[in-house]
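Guided by the hints, dock chains D, G and W onto chain A, whose structure is given.
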Amino acid sequence: MGKLFAVTVAIIAILSAVPIVMNYWGPPVDISTHGAAIDEQMHQTMWEAGIAFLAAQLVLALFVWQFAGRGKNDKLKSFPGGAKYLVIAAFLFVGTEILALGIIGQKAWASVYFAPLEKDSLTIQTQAGQFAFYFRYPGADGKFGTLHPDKINEGNQNFFGLDPEHDVDSRDDIIAGELAVPVNRQINLMMHSKDVGHSFYVRELRIQQDFVPGLDLGVHFTATKTGQYEIVCTQLCGLGHYNMKAYLSVLSQEDFDKWLKDKAAQ
Amino acid sequence: MRTKNILLTLLTLLVCSSLMFAGTISGKVTYTGTPAKQKPIDMGKEPSCAKQHATPVTNETVVTGPSNSLENVVVYVSSGASDDGQVPSQAVTYEQKGCQYLPHILPMHVNQELKIVNADQTSHNIHPLAKVNREWNKSQPPGTPPISEKYDKPEFISVKCNVHPWMHGYFAVLNTNHYDVSKGGGDFKLPNLPPGKYTITAWHEDYGTQTADITITGTETKEQNFTFKAKAY
Amino acid sequence: MSEAAAQHGPPQSFIWKYVFSLDHKIIGLQYYALALVAVFIGMFLSWLMRFHLVWPNAAIPGLQLLSKNGAPDGLITPEYYLSLLTMHGTLMVFFVLTNAPFAAFGNYFLPIQIGAEDMAFPRFNMMSFWTTFVAFVVLLAAFVVPDGPPISGWTAYAPLSAIGKDAGPGLGMGQNLWGISIAIFCIASLLGSLNFIATTLDLRAKGMTLMRMPISTWAWFITSCIALLAFAVLLPACLLLILDRVAGTSFFIPAGLVVSDRLQPHSGGSPLLWQHLFWFFGHPEVYIAILPAMGIVSHILINSMRKPLLSHKVVIGSMMAIGFLSYMVWGHHMFLSGMNPFSALVFSFPTLMITIPATILALIWLGSLYGSRLQITAASLFALGFISMFVSGGVSGFFLAQPAIDIYLHATYFVVGHFHLVMGVAAIFGIFAGTYFWMPKMTGRMMNETLGKIHFWLTFVGTYCIFMPFHYLGLAGNVRRYSSFVDDFMAPLMPVHKFITIAALCTGAAQLIFLYNLVHSRFWGPVAPENPWNATSLEWTIPSPPPWNNFGGIHPVVYHDPYQYSVEGAKEDFIMQNSPEQVETPIPS
Amino acid sequence: MATTVPQPPAINAQPPSRPFPGMHGGGGSAGLIPGAGELRAVAERSPEPARTGIWVALAAIAMSFAALTSALIVRQGSGNDWQHILIPRILYLNSAILVLSSLTLEFARKTIASYIRGEGVSRSQAMQWLGATLALGCAFVAGQYLAWLQLRSEGLYLATNPNSSFFYVLTAVHAVHVLGGLGGLLRVIYLLRTPVPILRKSTMDSTSYYWHFMGMLWMYLLFVVWLKL
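Protein chains in written order, with the numbering used here: chain A, 2 to 267; chain D, 969 to 1201; chain G, -19 to 569; chain W, 16 to 244.
Everything labelled a hint here was simulated from the structure, so no lab data went into it. Positions of the beta carbon are idealized from the N, C-alpha and C atoms, including for glycine. Keep in mind that a hint or two might mislead.
Examples of chain W residues lying across from chain G (beta carbon under 7 Å, computed) [to be verified]:
{"#": "1", "residue": "Gly68"}
{"#": "2", "residue": "Val89"}
{"#": "3", "residue": "Arg132"}
{"#": "4", "residue": "Gly135"}
{"#": "5", "residue": "Ala174"}
{"#": "6", "residue": "Pro212"}
For reference, chain A alone in the conformation it holds in the complex:
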């Protein structure tokens, strides 16, 4: 029975590693400037965690194989070096791993959250609500109209609660259900929640950030490949959570200008 356990554990460990080594369901290709650092970090961690996982499972299998079912006459042995060396090993190996990954990881994290805002970045506002994202471009005047929660009227498609009657800034605001961005230009995404907590997740962009009601946050990124990608909500926000999504269109500058013009005309 012990041998069976050993074999099972070994098989499970190796089979578990196969899809990861073969990259069956890996992350999609990264389309952001900062994503490479995150991918690298993930890759490093995968190696280290993977080796630790396989080593531990295989050692478990080996020891159970060797020592299960030994009787009273078999000599008891103690692990060479005893607990002391194991503790030292844990501190050394895990400690260095922590330090190494922690330090590399800080850089990857900083590339998302501490990257300075570039001068020519494009500011876009996104509002999450139950259960859709809407995006707002400031229009020709470069200014966003003020948001009035009491004026929000979804039936009238006034998702941002604008007051064009009194607020001149809001009249040329362009509102869209998809996020179109020009390629290779930094986007400063200002995030506002209409109701409850939501989250903005684009796998390819390696960006995930919560919307916090009452707290407007910003996140910035630069997309490097044109194409259409999915934005999904990853913070449980209610019954339509599963259906809360939008598309990210990364366009060339000309296409983007055209898109903006078309939207403004509507």
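Showing chains D, G and W alone in chain A's frame:
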């Protein structure tokens, strides 16, 4: 027993006679000024619906027709012909199709059965934001039976789908069977009105209400037009 | 020395003996029974969820009887899926993972293992069970209120959980019941922890020094220290949440929220405050679930290996370190929540540091296996399975502790796989191991070993089949808490989901073997001897099941460290803690 | 204490003299050495659970109020609706009452100790001090109620603004704990009134620790209220 029979006969006679001398109110709803531009709806997040519409549909808050006519105005008898108790036996149906409500405004009698059907391949949620009546909030996955409900008090109830924020409609729960919703061209018609004094009300979800007093004397058709002032924003 | 004995004599009538019993053993069994009911409900809910995920258009016959609105014609609506998810999480975390390894086994064996006649405060003990029971009933009541159970998840993030029914079905009465239930549960757990701590500190038998306590006792003791502080924070948090919901205060609800076209009349509240309070409880809660399992597994493994662990002190020290660090890491649940990005880096380090004591524990278990005389029983198989699961679930924590990687993996199935393996399955393996090991003592009947082993193989392979693929889904970016996968990039992952669902249905069905074994052995199993496993600790020195006052009025005296197995020169290969046998000590060279 | 401890089985052989039993660092064969028969560390009479239990309970209560305090600080920073409220004057009087009640309880404790030791103090003297403490405690709760009434008359309800919310929550949660303390006092009185008093010292002590802690906690809360609300 006998008296009851007699009474019933009398009542039938009365109803028949009133039908014989039925008047009709008809008219047209128009607007003045410039209504706000209706924006196209981006159904991108629900591809199964988006592909049902060759051109994007717009929101239906203000639907206008030729020569300044205004659609989706509920015109009904608000006093003079209370039909308490005469609840039509057939149900009214509210359909969700292509992530739109068909019709946008559904009039019904108090306590009339309301059937809500999901004709889409996606889950809808029906959340009528009732204030006077009991509020409820239900989801309807594709393939589930129609939801059957009733409202026991007159109210204009805004209906929304929590899953698809652009989906908005209205239930007009009325205490009368004499109602109409203005269609293309803004026309409406309230037939079969027995002689009497009536107040008729025209209700628009954005532009508010207007009323008019009309007296029907016999078999006649009276014209009553309503003109709403459009809002630019 | 024993105040407990003075407080109650042997119970006479049925109701005092089995219902409102003051006896810690009966209370332990009551907790176990409650956890058993909760775990089967929770598992059933997970079946419904898994079924709905892969066959969204297939009706589940009869489900409409459970909820007319939630499952019209047996088809699960999106909100009902979230209700199931919330109730699954709440039942499992609170009523199974906290109750079974900690409250149930702890109640039964902590006093016996330290040689006490009962808990320090038997009345509090009884109250804490019945309070838990009330919490359980209040939570289940959410199934029958018209709007159904809450849909805000077991974490109940504000403002979704705070706004009320405008935010969706189940967020009216259902969410109120949830808040009340959890608040009651907090009180029960506080009473329980208080009892455990006082008992451990004050009621130990003569000779039972702290370091002579078995590792399981240490684990319960450390856990109760964690629970005392963790539930003391969740209780006021629940109070504030309930006030936001019913009294119109604005602790967690900010101004200007428009929900269901209605402007909410609140101002200035902080949604992040709820997350901070919740996770300050929530992360230690993970260790409340896993530490007792570690203790139980160590206790059983030592018995099966016929030799002590490499170091008693290091194991206890590591568990303490884990308990201590668990209070400094809550922020890693909130890397992307909008708190200051610097604090993510601050929280990341203690989170990674927890790997050190966890690794030490794993290495000690593995190192102790070396050179042992490992006996394979159902209990030891589950203990070995625990180690495997703990390692598997632990390494994935390494990813999530790093904020940069968390950007990609946060809120994906990777997280679900991680915590199910390390907190759910590992702890449940601890419970199973404890059940097979201790049931003879608790019921006086042996459980069927063959059925136990079959149960182990199905469960071990089954749970790996369920939870390993969760990680692959997460790496592909599959978002958690979705009731169906309408998104283009998740649709191709459907085959993986199908595999998981089938594995979940099979593994769940395998638990019926356990249930059968448990019930059948309880009544018709062979009568258990006093010490069937040739174990050393005090619970094996008394009859199975023990008399109401445990040691029959005699106060045990402890002469030995807890795990004196295979001592050279001893009469047998084990020396019980209370055995006066002396062995010449070989002088360490 | 209450029950007699049966004699432990006699230890046959004296343990051989040897270095520290048990673990020798890294385990190994040393880990297999049985502990000697000596009995260490646990005193013949371990402390009574009530005494330990009360400290544990106080730790949990302190933690709860720490959580509420940090909630208050976070909440103050999160919104711009922080409006200071005027503290009802009666709170200062209540504070004095609570301090006084701690003093009377200490006198009660001393008197009871003398009474139990039979030092010529009558039971009714002890009862008087306990009764005074009980009355002062009730007066404190009543005073808190008056403070709430005063806030209500100013139009400050639970949900009016965050400051009033926190005021009501902090004072109400504290008052509930004080009520618990009053229950404890009643229990002490009950145990003392039986023909042969069965009041244990540990019960008396733990009740008084709890009561003093409530007083200190109140001072802390008053400081928080004064500083923040």
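Satisfaction of the Ala174 (chain W) interface hint, Cβ to chain G closer than 7 Å:
holds, 4 Å
Quick one, is the Val89 (chain W) hint okay against chain G at 7 Å, beta carbons?
Holds. Min distance 5 Å.
Let me know if the C-beta of Pro212 (chain W) comes in closer than 7 Å to any C-beta of chain G, holds or violated.
The hint is violated - Pro212 (chain W) has no Cβ within 7 Å of chain G, the shortest such distance being about 16 Å.
Classify the hint on Gly68 (chain W) as holds or violated, based on whether any CB of chain G lies nearer than 7 Å to its CB.
It holds, given that the least Cβ distance between Gly68 (chain W) and chain G is near 4 Å, below 7 Å.
Under 7 Å, Cβ to Cβ, is where Arg132 (chain W) needs to be relative to chain G, so tell me if that hint holds or is violated.
With Cβ-Cβ at 22 Å, over 7 Å, it is violated.
At a threshold of 7 Å, is the proposed contact between Gly135 (chain W) and chain G supported by beta-carbon distances?
Constraint on Gly135 (chain W) not satisfied, violated at 29 Å.
Taken one by one, the earlier hints fail for this structure at numbers 3, 4 and 6, listed in ascending order.
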